[in-house]
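Novice: Position chain P against the provided structure of chain V, taking the given hints into account.
2 protein chains.
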Amino acid sequence: MDLAELEEVLAEASLLVEPDEAERLLVSRVAERLLESCRERFLKKGGVLDVSIEGSVAKDTWVRGRGEVDVFIHFSKETGRDVLESTVLNLGREVIEGMGGRSWLRYASHPYIEGEVDGVRVNIVGCFKVTHGRWMSPVDRTPFHTAFVKSKLTSELRRETRLFKGFLIGNGLYGAEIKTEGFSGYLSELLVIRHDGFVNLLRSASEWKLPVFIDLTEAVKRDEALRLFPNAPIIFTDPVDPSRNVAAAVSLTKLAELMLAAKLFIESPSLDYFKPPSRERRDLAEVDLGSRCLLGVLFRVEKPSPPDIFWGEIKHTMRGISRRLEKEGFHVYRSAAAQSGEETLMVFELSSLRLPEAELRVGPPVWTGNALDFVRKSLRRGDRISGPWVDGERLYALLRRRAQDADELLKEWIKGRQVAVSSQLLDSLRKAEILTSEKGLVERLDGREEFIMFLEEFLDGVSTPIKHFREAE
Amino acid sequence: MDLAELEEVLAEASLLVEPDEAERLLVSRVAERLLESCRERFLKKGGVLDVSIEGSVAKDTWVRGRGEVDVFIHFSKETGRDVLESTVLNLGREVIEGMGGRSWLRYASHPYIEGEVDGVRVNIVGCFKVTHGRWMSPVDRTPFHTAFVKSKLTSELRRETRLFKGFLIGNGLYGAEIKTEGFSGYLSELLVIRHDGFVNLLRSASEWKLPVFIDLTEAVKRDEALRLFPNAPIIFTDPVDPSRNVAAAVSLTKLAELMLAAKLFIESPSLDYFKPPSRERRDLAEVDLGSRCLLGVLFRVEKPSPPDIFWGEIKHTMRGISRRLEKEGFHVYRSAAAQSGEETLMVFELSSLRLPEAELRVGPPVWTGNALDFVRKSLRRGDRISGPWVDGERLYALLRRRAQDADELLKEWIKGRQVAVSSQLLDSLRKAEILTSEKGLVERLDGREEFIMFLEEFLDGVSTPIKHFREAE
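For the protein sequence lines, the chains are V and P, in the order given.
The numbering used here puts the first sequence at residues 4 to 476.
The numbering used here puts the second sequence at residues 4 to 476.
These are computed hints drawn from the structure, not numbers from a lab.
Mixed in with the good hints, there may be bad ones.
The list makes no distinction among identical chains, and a pair is therefore deemed to hold if it is satisfied within one copy or across any two copies.
[Unchecked claim] Below, in silico cross-link-like pairs of lysine-lysine (DSS-like), each with a Cα-Cα straight-line distance of 27 Å or less:
hint, residue 1, residue 2
1, Lys182, Lys48
2, Lys380, Lys306
3, Lys380, Lys278
4, Lys380, Lys470
5, Lys153, Lys80
6, Lys380, Lys212
7, Lys182, Lys224
8, Lys306, Lys182
9, Lys153, Lys224
10, Lys434, Lys48
11, Lys153, Lys48
12, Lys470, Lys278
If we strip away everything but chain V, and leave its shape as in the complex, we get (with noise of 0.2 Å):
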């Protein structure tokens, strides 16, 4: 790595992540009044004991162009949730109209409100005021994150901070909701400060080895945190709550390409790590399929559950249609899914979108009891085609299968409820649209833009930070 050449990009990606003047001055502003006039309309109310801005603008790590202002309202440990969500989800609702702004319901761990005011997001959220450990909701644990991390961070460590957080952002691994999977705003910030930098921490993450721990506090030791959290790919414990894992959210998926993001990086800086990857308006006639097995799922949810929820359903509903291709023989490369207003589409790339006509059917041991009636019904089946025979301890037959395309499978499959998906989707999937790279899948796309420039990432298969690896090289 030449110093100066990363010296440089460090400091044009500064330019891209650091906001200006303008924009401090509109978020500041909103804060203030938006602050305030929480406090006007809160306090009022029983059992509310403080108001507070928490989040990255009151740690002030927020990236341009993102300033997102949360305002915490903490009530007396006495008050009933119910209490607590309906009080913040009217008055919330009244503050941020009575500002100007527009508002709408958002789901967490619990319901708060999320708005917009002068072109500024805003969330207003409701806590307990509790005294540290005492934890009675999730977000409980926010005003000690807040306060840690502002007791830690030097102004040039949030230089630090926003140069990270715009980094994982241009890699596609910032956030920690179910469709990213990846890295949250409190864990970026506290990785930079466990490593003092934003180089260090790059440096140290393109040379772990899985799985990760990674502590401030010396609270917990590698081996508890390990039987602690059996599978995770990486632990932080939470300096605020050495039992929780910051990073519980991050993927393996996601971990591995920071690491390799971090090799890459620093194999060749460049600032096209700190932008999205550029996406070009496609036309349907440059998608070229060349040979390949794509099996797509297009289907329409008219009223999706909130995002965290509804991707959950998603992947959930694509593991569950991959192991059932898996069990019938069919090999999944990858699979994706990308939704555009009320349609979503999960594509799945196999090695082959029909299965041979014979099917080794696998008998019982010889020496169980169901062996004869193996036998015995075997050689009766019409859809003999050899067999039985012993292998090993085994008998085996060769069976003569019913169907053999992947699309026809599937349709069957969601039909007949013999493969694992979200519940919540059923009714949507069972009207799908099963399509095939073969049968007319991309053509059912023409004028979807958004779909046929995710396909066209999909069939490129190239993931972002090695995108980025091969624009800079």
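Specialist: Leaving out everything else, chain P in the frame of chain V:
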């Protein structure tokens, strides 16, 4: 099981397996003459201490039509192996030819003379006369085996032994040679002795669990035997030498076939189990390939190794080819081989004779030193279809295959020594015809009746005991 029915079947089976008076007379006359003649020739030689009849004729346990006279020449321990061998080969040949018979050389653990006198198969084998346990060559145990079995067999158990051997023959399970990997004569006798009869033995075998441990002397405990023979599916400790497993040659498949045969016979007893399955003369036109995917390797070996070594080479080569095919992405359902004159045919049934154009290349985990290298090289490859991408901790890419057809690939692998085949067969395999069911495999076998019959049986794919069951039901 209907006992009367069973008794009737066993009575009929006895007629099949018991030698008649004429055969007994012929065999015993040949045995006496051969013993006399060997005594005359060998006992004059220095170092020869004794001459004896061993094997199934000595034990009176041979199956009708299979009388085989084994004469053992006992040499003193001081005799050199080369002297023993040359004496047996030279004098043995003279003895047989002096009796008007034909003779030829055979190899087991060491060379011996096989021949035919008056239509009866004879063997002349040299062993060292040792005290119990001080074995110098593997056949030194044989006289002790003979003595042990003779001491245990009653005339009733001789009848039962012949039934069991006939049952094994009828199910293709008799013989410890590599081609069969089944049950030796000695093992059959011990099994009948241990279970005090044929039906008891079958009842027991139908309930065996793996691994099977059987013992007559209680010299070795089950746990110790499992430690001594960790991978053996069946252990029968030799009463003459408890450190030896009499059943060492029995493969898991053949053991399982006996267990299944026992179950099937008990379920519906029939004389069929004591006869070789019916084989009809077949025409090429009768071979129905349906949609079967067969890969055939037809080759000529002009000077094959002795049968046991040759079949070891064939099996080793078939395992090597199967593994290579599986590694490449083919699925091998079954394989088998047949020999006819100088020609050998190996057949593999695959799920498909052609691989998909796209091949998934599994790259290294992202945390390894060569992850960067994989990324760089994959991006530059002319055969790249898509990727590289990250999934879990690993990198993957989709590449275009150069060759997709099983026959073309196998030709290349043999040429480039990229498949583990027996080195003794390599030259023959290089000149082999690699055929498929799509490209003239069956047509090429026109006029080779044995291969056509073999192929018909392979296509039916029913294990021999199940064939009997199918006919009996």
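Novice: So, for every hint listed, does it hold in this structure?
Specialist: Now for the hints, and whether the structure bears them out:
1. In this homomeric assembly, Lys182 and Lys48 never come within 27 Å of each other (Cα to Cα): the closest approach is 37 Å inside a single copy and 91 Å across copies.
2. Within a single copy, Lys380 and Lys306 get their C-alpha atoms no closer than 48 Å, and across copies no closer than 46 Å, so neither meets the 27 Å cut-off.
3. Taking identical chains as interchangeable, the C-alpha atoms of Lys380 and Lys278 lie at most 27 Å apart only when they sit on different chains, with a minimum of 24 Å there against 62 Å within one chain.
4. Taking the closest pair of Cα atoms, Lys380 and Lys470 come within 27 Å of each other only across two copies (14 Å); inside a single copy the shortest separation is 55 Å, beyond that limit.
5. Taking the closest pair of Cα atoms, Lys153 and Lys80 come within 27 Å of each other only inside a single copy of the chain (25 Å); across copies the shortest separation is 92 Å, beyond that limit.
6. For a Cα distance limit of 27 Å, the shortest separation of Lys380 from Lys212 across copies, 23 Å, qualifies, whereas the shortest one inside one copy, 52 Å, does not.
7. Proximity of Lys182 and Lys224 under a CA criterion of 27 Å is satisfied in neither setting, with 31 Å inside one chain copy and 60 Å between copies.
8. When the C-alpha separation of Lys306 and Lys182 is checked against a cutoff of 27 Å, the pair qualifies only within one copy, where the shortest distance is 18 Å, while the shortest distance between copies is 67 Å.
9. Within a single copy, Lys153 and Lys224 get their C-alpha atoms as close as 25 Å, which meets the 27 Å cut-off; across copies the closest is 71 Å, which misses it.
10. Taking the shortest Cα distances, Lys434 and Lys48 never come within 27 Å of each other, neither inside one copy (48 Å) nor across copies (93 Å).
11. When the C-alpha separation of Lys153 and Lys48 is checked against a cutoff of 27 Å, the pair qualifies neither within a copy, at 29 Å, nor between copies, at 104 Å.
12. In this assembly of identical chains, the alpha carbons of Lys470 and Lys278 lie at most 27 Å apart only when taken from the same copy (11 Å versus 69 Å across copies).
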